[in-house]
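**Q** Sequence:
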Amino acid sequence: MASKYGSRRKSGSSRGTLIAALTAFAIGGLLVGYIVWYNMDGPTIAPEQTAAPLADVSADIETPTAVISPTPTGDLAGAIEADNAEEAVQVVTRVAEQQGGLDQRLAAAEQRLARLDLQAEAASGNAARAEALLIAFATRRVIERGAELGYLADQLRLRFGDERPNAVERIITFARSDPPIRLDNLILRLDGLGPQLTQSDSGLTFGTLSREVRNLFVIRRESTPSALPERRLERARFAMEQGRYQAAIDEIKAMPGADKAQAWITDAERFRDVMIALENIETAAVLDQRGLRDSSGELVQQPSPVDASADQ
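Residue numbers (our numbering): 1 to 312.
Wrong hints could be hidden among the right ones.
Pair ranges (Cβ atoms, derived) [unchecked claim]: (1) R272 <-> F137: 15 to 25 Å; (2) I187 <-> E279: 12 to 22 Å; (3) A114 <-> L299: 13 to 23 Å; (4) T283 <-> A247: 13 to 23 Å.
Quick caveat, the hints were computed from the structure, so don't treat them as lab data. C-beta atoms are modelled at their ideal positions from N, C-alpha and C, and glycine is treated no differently.
Whole structure, please, built from the sequences with the hints as guidance.
**A** Okay, structure coming up:
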């Protein structure tokens, strides 16, 4: 019984709670519906009516004056323009500096090129002079040996023919001598002519007798060369060995038998002339400023280094 009544009481209380919840939900729904209906169907207020009180209120309320700082647009633009102008000036300055540096580099490059041209010209001129000097030395060696010039004749004409034509022609003609004239042959011939040079075939004449008498007693300075034929012959031979060809020729011409040595004198004079011609072209190879030419026939424009060192 107790359990029975207890279960009934429990089911009755649950039903009451459910009814109360449904009732509250219904009341809430009605309240929400009323509020919605009131808002949708309530009296409308004209805009003019709402605006007027708002205007009055705004008139009554002093609107604070907003302190508006001057817009920085103008100053900012000016600053930007000033910065741009300054940057432009800096850019122009840098470009000008770069341009100036470029001009300076170009000028320096031109100067270096000019120096290189001068150095190349000087090297070419000095090389041409060295080649010409070698040609002259080789020609001297050939002449002293009594050999033919060969290709040296063409080189002499090419390099020295315009400025020293007489010297070139004399050398080439002398080299064609048959038999060749050499220094050692001239000295040997002079030794062979010694007995004939010291005697005269003119016989005993008054002049010969007078000369012999004068030679018996001779008063002279110690430095004065002896006039005896034997001493003259010795001096002539020594002069030939030393390259003083004219002095040797003068000694032979002053000897009593000089008429027997005409052939020797002629050959010695030719040898003297060709030696002078060789010295002429050797000097031209070193010092000539006008007529010297290189291996291609072009004039050598470079001044002689010997003259440049002499001027300094």
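**Q** Can you let me know if the beta-carbon spacing of T283 and A247 is within 13 to 23 Å?
**A** 21 Å Cβ-Cβ, so the 13 to 23 Å window holds.
**Q** Go ahead and decide if the range 12 to 22 Å is satisfied by the Cβ distance of I187 to E279.
**A** Holds, since I187 and E279 (Cβ atoms, about 20 Å apart) stay within the stated range.
**Q** Given the hint of 15 to 25 Å, is the C-beta distance from R272 to F137 inside that range or not?
**A** Holds - the Cβ-Cβ distance for R272 and F137, about 19 Å, lies within 15 to 25 Å.
**Q** Using the Cβ atoms, figure out if A114 sits within 13 to 23 Å of L299.
**A** Once the Cβ atoms are compared, 21 Å apart, the range 13 to 23 Å for L299 and A114 holds.
No hint from the list above goes unmet by this structure.
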